[in-house]
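Visitor: One-letter residues, chain by chain:
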Amino acid sequence: MSDTANHDHHDHPPHLAHHFDNPRQQFESGKLGMWVFLATEILMFGGLFCAYAVYRANNPDVFLYAHESLNTFWGTVNTVILLASSFTMAWGVRAAQLGQKQLLVTLLCLTLLGGTGFMIIKGIEYTEKWEDAKWVGTWNQYHPGFGQPEDEAPADFGAGVEPEAGVVPEDSPRVEDAEAEAAPGTIDTAPAASGFARPRLADDRVSMIRPAAAASAGVRPEVIEGDDIPTVRPGYPTREQMGPLDRDRTHIFYQIYYLMTGLHGIHVLIGMGLIGWIAVRAVFGHFGPAYYTPVDLVGLYWHLVDLIWIFLFPLLYLIH
Amino acid sequence: MSSIPNNVPTDVYGREVKRQPGDHYLNHGKGIKSWLLTLDHKRIGIMYMIVVLTAFLLGGIFALLLRTELISPGLTLGPVLGLNEDETFDFYNHMFTLHGAVMVFLFIIPAVPAILGNFVLPLMLGAKDVAFPRLNLLSWYFYMAGLVFFVWVLLSGVLSSAGLIPDSWGFGLDTGWTFYTPYSTDTNTAVTAAVMGAFILGFSSILTGVNFIASIHMLRAPGLTWFRLPLFLWALYATSIIQILATPVLAITLLLLIAERLLQVGIFDPALGGDPVLYQHFFWFYSHPAVYIMILPAFGIISEVIAAFSRKHIFGYKFIAFSSVAIALLGFIVWGHHMFVSGQSPVANAIFSLLTFSVAVPSAIKVFNWVTTMYKGAIRLDTPMLYAIGFLGMFLIGGLTGLFLGSLGTDVHLHDTYFVVAHFHFVMVGSMMFAFLAGMYFWWPKIFGKMYCEWAGRLGAVVVFIGFIATFYIQFVAGSQGMPRRYATYPDMFWTHHFVSTLGAYLLGLGLFWVLGTWIHSLVKGKAAPANPWGHNSLEWHTVSPPPHENFAVTPRGSDPYHFDDWHYDKDLDTYVLDLKEEKPAPASDAPHTPTTTG
Chain A
1 MSDTANHDHH
11 DHPPHLAHHF
21 DNPRQQFESG
31 KLGMWVFLAT
41 EILMFGGLFC
51 AYAVYRANNP
61 DVFLYAHESL
71 NTFWGTVNTV
81 ILLASSFTMA
91 WGVRAAQLGQ
101 KQLLVTLLCL
111 TLLGGTGFMI
121 IKGIEYTEKW
131 EDAKWVGTWN
141 QYHPGFGQPE
151 DEAPADFGAG
161 VEPEAGVVPE
171 DSPRVEDAEA
181 EAAPGTIDTA
191 PAASGFARPR
201 LADDRVSMIR
211 PAAAASAGVR
221 PEVIEGDDIP
231 TVRPGYPTRE
241 QMGPLDRDRT
251 HIFYQIYYLM
261 TGLHGIHVLI
271 GMGLIGWIAV
281 RAVFGHFGPA
291 YYTPVDLVGL
301 YWHLVDLIWI
311 FLFPLLYLIH
Chain B
1 MSSIPNNVPT
11 DVYGREVKRQ
21 PGDHYLNHGK
31 GIKSWLLTLD
41 HKRIGIMYMI
51 VVLTAFLLGG
61 IFALLLRTEL
71 ISPGLTLGPV
81 LGLNEDETFD
91 FYNHMFTLHG
101 AVMVFLFIIP
111 AVPAILGNFV
121 LPLMLGAKDV
131 AFPRLNLLSW
141 YFYMAGLVFF
151 VWVLLSGVLS
161 SAGLIPDSWG
171 FGLDTGWTFY
181 TPYSTDTNTA
191 VTAAVMGAFI
201 LGFSSILTGV
211 NFIASIHMLR
221 APGLTWFRLP
231 LFLWALYATS
241 IIQILATPVL
251 AITLLLLIAE
261 RLLQVGIFDP
271 ALGGDPVLYQ
281 HFFWFYSHPA
291 VYIMILPAFG
301 IISEVIAAFS
311 RKHIFGYKFI
321 AFSSVAIALL
331 GFIVWGHHMF
341 VSGQSPVANA
351 IFSLLTFSVA
361 VPSAIKVFNW
371 VTTMYKGAIR
381 LDTPMLYAIG
391 FLGMFLIGGL
401 TGLFLGSLGT
411 DVHLHDTYFV
421 VAHFHFVMVG
431 SMMFAFLAGM
441 YFWWPKIFGK
451 MYCEWAGRLG
461 AVVVFIGFIA
471 TFYIQFVAGS
481 QGMPRRYATY
491 PDMFWTHHFV
501 STLGAYLLGL
511 GLFWVLGTWI
521 HSLVKGKAAP
531 ANPWGHNSLE
541 WHTVSPPPHE
551 NFAVTPRGSD
561 PYHFDDWHYD
571 KDLDTYVLDL
581 KEEKPAPASD
591 APHTPTTTG
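Protein chains in written order, with the numbering used here: chain A, 1 to 320; chain B, 1 to 599.
So that you can see chain A by itself, here it is in the shape it has in the complex (with noise of 0.2 Å):
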């Protein structure tokens, strides 16, 4: 910092960095900089829109049933505040370009409001989520390791259970049990032909409904009702219908959607530290006519935030 702090300005506007020759080649930089970056986020995000397309052809029904518990109301309403965000951002370096310092302040302050905005809505969908059951890795109801002990589920999980998969001890009734009987004729009731021999835990999820005292013990959540999502379009795949591999399954569904929409989570965060460093710059009216690289490269990031929101969106919530 130092050595670029000690070089006079005699003779270049007090923006432009001493390496650059002229203002026009610095904000080139800049933003041929920052779309090299933002390839970059799109690449990363590519691979969980890879691990979406092989999970949810690897698993439909999955796909079909899990996706109705997302909240569509919700999802649509972030969906308009996102993009009137990005409406208030590109107006802002618009705003920028033509130094109206007041109107900038204003505008930056409006998409910032829409981010807060879209993050308090994405914590009423998780807190949702939460108490229904539907989180991530064994607190999630459809995990075969939901309701045990946290520090047996996961590591050990497959302790416990018995050696040989198809083989049910009389004394542990499982999931596939209960709805065979509920809907014998429409489910494969042999996982060990499949030829899948994971091990079935012997729980107490028949119900989904976890004991008292395991719900008091730890932190997870209590589910109380039933666990399946109401089904209202024809042709949907219910619960009884889906294949005991599918129902154990189900979880997957959540998992990609917590990583996806956790990762732009994070991404919105970042992005609105970005605009509140931005906003406190304008307020000290640092941007104008002659420089404005920064309101400019914030904004691409906000619009690739908001771009990746736009594919996220149909994808976890309206696909069927």
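Take these hints with a grain of salt, some might be off.
[What the hints assert, rightly or not] Here are some, though not all, of the chain B residues that point toward chain A, as calculated from beta-carbon distances under 8 Å:
1) 127
2) 131
3) 252
4) 265
5) 266
6) 396
[What the hints assert, rightly or not] Not everything, but these chain A residues come out facing chain B in the computed CB check (under 10 Å):
7) 15
8) 17
9) 41
10) 254
11) 280
Simulated from the structure, these hints should not be mistaken for laboratory data. The model shown is predicted, which means the values in this text are computed figures rather than measured ones. All C-beta atoms in this analysis are idealised placements derived from N, C-alpha and C, irrespective of residue type, glycine included.
Start from chain A and add chain B according to the hints.
Guide: What follows is chain B alone, placed relative to chain A:
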């Protein structure tokens, strides 16, 4: 001119440079703070040099421990350290994992771009700095943060055996550097910390790539057109493309692995409906292009060194430049050859095999061009050139054995044997490390303004070469006879192979310490370097050594970097000096260093 004593620095015209305190980058600021907060790409390059070479030393120590364990069949090093059989095997697993992880993530990937690239790139462009100096410093701090995580992984073994941290936090690392699932999600070692470290190092890599691309696009000196860029810059450009396109995929893969370990999300764990082969696809989608992050900058260095020490214009400039970009792009579509035996479909195997062969074409173009450049050249066998010639041999062997592994039938036989180990050590150590050392010696006078001892440098090159061949060549034989990789013990029939290999490793280690010795000797006792000891024409040689804080007194004009006719050798000064085409500038009297422009 020739009356100047031999140990004063000279400028491009061979005139004495009177240096004042504070007029070059090494003494421009004083104190530790002026280094840790510097925005000067040259200082950041030096800081990278210190930490990356430290990581190299660390990885090298692990390598020697591995080879020592393998010097004889059965348990060798373990009992000496007081370990029983199981503990010895654990120890071996930890050592080879850390050797691989440290060497790959902390040394091979960053070495050339971060050390030499950072130092040389703006100088070659005729620029004052990289496009984003603050980002550049930030990427160094990201590197340090990643290093801290790896050191934690190392320490955790010691701390947990001393009872200072609970075992459940994980200790050591035994997954192999690839962190393959499902083992990496189950093992009770510090996988999360190591993966976090690799994730952060990835950020460092991405930021460097962004910086280089913006710099090459925006900061070229007047007259420095794209096809006048030195080939090292083309190589760094191609490398940066890979860094920014592949590294984010590794980042998300590693995040998913962490999520898998901490939250049991079931992306990779088959017991939870995940797919462990998906991890391999993700991992190699990054890590195969990463192989070219390691080798492409090496190609760039070799292009510079071979042209400079053959005194001939590089042959087929555009072919070399475009082959770098071609390798970068082809590198993205060959990852499946790491997975021939993972159960992917035969059609995919065949396609990946075919695509893998296609990488041989641009690689061969480069080799032919280098050899043709040397043909009828006035070759000087200085230290950088010795390493470059060593590189040609290594890369030829490493590249051609790659074809055995890219072919489906032979790969099934050779998969996970020492043949693979030998192959990638030839490419990554033989080629990349030799090019790195060539580059270090080549730019050493420019970086530190001191010459190194030539005979000592040459001796080091020969010892390293012999040590390397002894270590790894015989591993091809062992591998083709069926010696599997990653084993701590082996049948007696492989004793000779391993014994020779281990002795070679000791010799290689000795040679590398000798190399370090020549560098330290140069810093302490080396004579002052002239502006251009090799007569190379790219722009970094048009300023004094070491360069001033702002690189050039006057912005230089770019010209053909491989046009050597304007430089002639001055016997008295033992350096190349620039012929004065126009009128002779007045001798330097008051100016600390004179403008160094050229047409």
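Visitor: A separate judgement is required for each hint: does it hold in the structure or not?
Guide: Quick rundown of the hints versus the structure:
Among the interface hints, the one on residue 127 of chain B holds; its C-beta lies about 6 Å from the nearest C-beta in chain A, closer than the 8 Å criterion. Contact between residue 131 of chain B and chain A, as hinted, is supported at the beta carbon level, the nearest pair being about 5 Å apart and thus within 8 Å. With a cut of 8 Å, the hint placing residue 252 of chain B at the interface with chain A holds, because the nearest CB-to-CB distance is about 3 Å. Taken as an interface hint, residue 265 of chain B checks out: its beta carbon lies about 4 Å from the nearest beta carbon of chain A, inside 8 Å.
Interface hint at residue 266 of chain B: satisfied, since its Cβ lies 5 Å from the closest Cβ of chain A, which is below the 8 Å cut-off. Using the Cβ-Cβ criterion of 8 Å, the hint placing residue 396 of chain B at the interface with chain A is not satisfied: the shortest such distance is roughly 34 Å. The beta carbon of residue 15 of chain A comes no nearer than 14 Å to any beta carbon in chain B, farther than 10 Å, and the hint placing it at the interface is violated. Because the smallest distance between the Cβ of residue 17 of chain A and any Cβ of chain B comes to about 7 Å, under 10 Å, the interface hint for this residue holds.
Here the hint on residue 41 of chain A is kept, as its CB sits about 7 Å from the closest CB of chain B, short of 10 Å. At about 9 Å, the closest approach between the beta carbon of residue 254 of chain A and any beta carbon in chain B falls short of 10 Å, and the interface hint on this residue holds. For the restraint placing residue 280 of chain A at the interface with chain B, the shortest Cβ-Cβ distance is roughly 18 Å, beyond the 10 Å limit, so the hint is violated.
Consistency note: the structure conflicts with the earlier hints numbered 6, 7 and 11.
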